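The residues making up each chain are set out below.
Number of protein chains: 4
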Amino acid sequence: MTTVAFLGLGIMGRPMAVNLVSAGFAVVGYSRRPESADPVVRAGGRAATSIADAVAQADVVALMLPDGPDVEAVLTGEQGVFDSVRPGTLIVDFSSISPATSRELARRAAERGLRMLDAPVSGGEAGAIEGTLSIMIGGAEEDVERLRPLFEAVGATVQRVGDHGAGQSVKAANQLIVAGAIQLVAEAIKLLEALDVDLDAALRVINGGLAGSKVLDRKAAAMLKRDFTPGFRAELHHKDLGIVTAAARDASLPLPLGNAVAQLMAALVAQGRGSLDHGALLAVLDDLTAARGTEAANGAEARRRHEGITK
Amino acid sequence: MTTVAFLGLGIMGRPMAVNLVSAGFAVVGYSRRPESADPVVRAGGRAATSIADAVAQADVVALMLPDGPDVEAVLTGEQGVFDSVRPGTLIVDFSSISPATSRELARRAAERGLRMLDAPVSGGEAGAIEGTLSIMIGGAEEDVERLRPLFEAVGATVQRVGDHGAGQSVKAANQLIVAGAIQLVAEAIKLLEALDVDLDAALRVINGGLAGSKVLDRKAAAMLKRDFTPGFRAELHHKDLGIVTAAARDASLPLPLGNAVAQLMAALVAQGRGSLDHGALLAVLDDLTAARGTEAANGAEARRRHEGITK
Amino acid sequence: MTTVAFLGLGIMGRPMAVNLVSAGFAVVGYSRRPESADPVVRAGGRAATSIADAVAQADVVALMLPDGPDVEAVLTGEQGVFDSVRPGTLIVDFSSISPATSRELARRAAERGLRMLDAPVSGGEAGAIEGTLSIMIGGAEEDVERLRPLFEAVGATVQRVGDHGAGQSVKAANQLIVAGAIQLVAEAIKLLEALDVDLDAALRVINGGLAGSKVLDRKAAAMLKRDFTPGFRAELHHKDLGIVTAAARDASLPLPLGNAVAQLMAALVAQGRGSLDHGALLAVLDDLTAARGTEAANGAEARRRHEGITK
Amino acid sequence: MTTVAFLGLGIMGRPMAVNLVSAGFAVVGYSRRPESADPVVRAGGRAATSIADAVAQADVVALMLPDGPDVEAVLTGEQGVFDSVRPGTLIVDFSSISPATSRELARRAAERGLRMLDAPVSGGEAGAIEGTLSIMIGGAEEDVERLRPLFEAVGATVQRVGDHGAGQSVKAANQLIVAGAIQLVAEAIKLLEALDVDLDAALRVINGGLAGSKVLDRKAAAMLKRDFTPGFRAELHHKDLGIVTAAARDASLPLPLGNAVAQLMAALVAQGRGSLDHGALLAVLDDLTAARGTEAANGAEARRRHEGITK
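Chains as they are written, first to last, in the numbering used here: chain A, 944 to 1254; chain B, 944 to 1254; chain C, 944 to 1254; chain D, 944 to 1254.
This is chain A alone, in the form it adopts within the complex (with noise of 0.2 Å):
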């Protein structure tokens, strides 16, 4: 039996976590909040009370954490996985960290006889929790290979892409499409709001045509209400859209609607709405379209001031 160690149980590494209970593996979770292990221990996982605790015994590590700097202090840190693992350990790491990153944390433990994949996924909690996520493989085909299974118990969709880092470059092209699909169907719900057309109907058949998406599957009925409960929180896909930006500028490449959705995002992030989820991008668009109180009344006295032959 595989004994997976899985460090960080947030929304997507919980349910990917009790996911492997459930395909057989005997899972150790750890998260800085003991209480997040629960779930894991209920499902017949074992909660670890430490990093090293939790790697010790592991043939599989597998980190699901928040940005590049939460997985290399994981690793690399005092009592970290790098310190703590057996030799021949394979990392898997699902985070969506900068390709750099990945390329030159793989790159370190291979001097450490540790062998490293790049897996992040895409399907959000939904996914997570049904299984059924998209994971793109960066590193070598025989460990893609070796943690098939594991892979199989958590995604739908497993692909190796490439070699270390690769994982991480197709995840950015992801949320590039994926924030720019969100930011598509807010201009169109916007749009179809401004004219005089039955919503549902509207985006039912929307859907069924070349315009058809996961987007309009999953998120646009939600955002319609303006329900922006995550899901996927807008400060994470600012951090991805980070990662894509400075890869397009890396490559001199412009990228006009990665860029702009980019902003929109930003802009969700500094109105302090970045825990929302990202369909909120459609608030955005309501912001630069809601009547302002104040200043609308220092218009209508400017209003005032100007005469003019015409109305």
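Bear in mind the hints are in silico, worked out from the structure with no lab data behind them.
Each pair may be met inside one copy or between any two copies, as identical chains are not told apart.
Here are the simulated lysine to any residue pairs, SDA-like style, with alpha carbons at most 25 Å apart:
hint, residue 1, residue 2
1, Lys1168, Asp1139
2, Lys1168, Glu1068
3, Lys1182, Asp1013
4, Lys1182, Ala1043
5, Lys1182, Asp1193
6, Lys1182, Ala1137
7, Lys1182, Arg1235
8, Lys1168, Ala1233
9, Lys1182, Arg1050
10, Lys1168, Ala1194
11, Lys1168, Thr1232
12, Lys1182, Ala1194
13, Lys1182, Thr1044
14, Lys1182, Thr1172
15, Lys1182, Asp1229
16, Lys1182, Arg1147
17, Lys1182, Arg1051
18, Lys1182, Asp1139
19, Lys1182, Ala1016
20, Lys1182, Glu1136
21, Lys1168, Leu1179
22, Lys1182, Ala1234
23, Lys1168, Ala1234
24, Lys1168, Asp1106
25, Lys1182, Leu1142
26, Lys1168, Ser1195
Since the model is a prediction, treat every value here as computed from it, not as a measurement.
With the hints as your guide, set chains B, C and D onto chain A.
For chains B, C and D alone, coordinates are given in the frame of chain A:
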């Protein structure tokens, strides 16, 4: 047996008319280019020699024309549809035109005792051939119901979305999303090409997650090969985006991504590439990153002029 | 002594008419709001009771109206200018309207034996008061020369730029640059406010280099204080940007910055801030970065839901 | 007599060093390319054989280098400035680098008892030759005062804008405005070329009004002729816009126009045109509207495939 006059037998109209014949309708086809009616005749329909000839005995008149002025000319011109149909004839306009023109034509039809529906479609040439179009319909509910068998002969999703013009409004929102989705895929392809990944695998796994879409299903593979055979011509999509941006402007509605992609589609048309598939948005990005011969040389010279302490 | 009928006595027209009086012209002013003519009368002009009354004895008819439909109504409406002037009267339209409308009105004037110039201005209320406007003129060279004393009474830069409509085309390009320049200053202010610099000193030194501009000279200080008293109303600039984007669309010309700022100006109008000064583009950026009460709370709740290994 | 070591004798540094000689400073110039020091020697300065040689007897060390890593290498590298100067030497960095790097280098200088100012400039090659640069300075007020005669020998506007790094922050805002202003002029030129106007007259009258700017004064004429000889190289402006977008991202600040023009500048660099003048932004627009040979043919073929009732 219902007799349908079908006016406009282009890439979309021809297969739609053929599908109506197959579904048991008596179809009389008319096109300015007589040979365009051949497939309809081979399927069992009849070719008319004029608009008047086509519509004289029709129960239903269907139109599938490039733009508003075409529809207006065919309906209201001398010897046009309004002059030639029997009272009570139902006119269904599958063309994509502006909501305002559509409403105005419905009003003028009503003045003559004619009933009208706007019924633009999505799904492209493939959807027209397979009879799986999405049809977004504006007009009276009873007229939609009366024509439901006709709609179901050409489409898989048949949806009334409001009164006269509402079909066009929804089509505008649809075209906004489609153009944006193509541009996002183009940007993702450029990003993936700049990084070191397996492109086919990457697009497959991206399509398996929240970024999944019909545009990825149907267009990404051809775009990757720079095969821009239409499909749906950029110049028609340019026209559609003109409807989108005009509607947004009338509503003082900012559409950051919609307007950005409208600019890029305009560039395609300005470059004389308007008859390529709209997937050629990728060609604009290719241009923006392709090395320029003469100027590069010019640049080298300029560089020689520049002397500094470092590189 | 040349008699000038001046139609339209708003923020711009009023001081222009007064300057014409000061320069020795016999000025007959008309506005739909009679009190608007008071300053002209105080300066030594006459107030007319109707358009017909104003233009009946005029050698030159000058117009300064908000938009094309206003100009069209005043010229071609019943009891309008075309019906009431003496043959050979020269009409000079200072309004900013679309080049196409301008050409069409010149054509209709010519049919009646009237001569016309389009002569939109730049320089704002201050330029109108000081008589230092820039005037961009379309029409016959001899007519421009004939009116040169009149133009020099209201403007510092008087320039014929081509045939009928050319003045409007140049004004469109002018308004594109002005809107963009204001938005750039707004973005620079936000950036400087986010960093730790002495704002007044910063804007002063920026204005001393290649970034220097009239917009920095005249508008940056008020913008910094969020004083958006017009000046030039955003809703008029929104109208002008509609002319810009329509002209660009007709030419299939992408205007990446022009269209982006047109979106933001549309947002201002949608927010009911259309009667503020166009410098209020900064207020849109303020919105995009201002903390949102309710949603921030919503976000805090969402954050509580989220548990992870870090933070 | 104050001895100034001047490190970096490129397009900007060379004339600045010459102006210091003319103003009575004892100047020791150093460049990796010895011949770059020739004009300084001819003016009465001395050429050094190494950084150490240049700075050993200097009261002030001035730097004018392309980017942050260059500055870091020259200051902190082996046999670099920090290793070779006398205690108490004042270092003034005219280079444009990131505010964060600037602050960090000032901190490391202070650890060694050295004082430092960041003093990036605006005004281009012409401003450097004429000694009319705008200088935006970060650091201690007393150090700025001590160096005022030096600053006034090379610049017309000398302004302290805050503490260490503030000069760079203001330069970033400056470069945002300059890039945007050039792009706006490029868009206006394209619009005017598409319409039928006298281009020289048009730009003259535009420059007379609120749209007036130094960019119109100095760059529009060359742009109109498509003369893209630098001047200021696009690749350096691309670097500067990287500083702008990174600073904006750190502050979660959306910069709609700043980011849009950064994309277009990136395109210039990707096209191998980085060593052209930044006015070559117009060449990108030219590309976006230039007819494409092969694809146009391809398009003609596609058009033949398409048959419809109209055209």
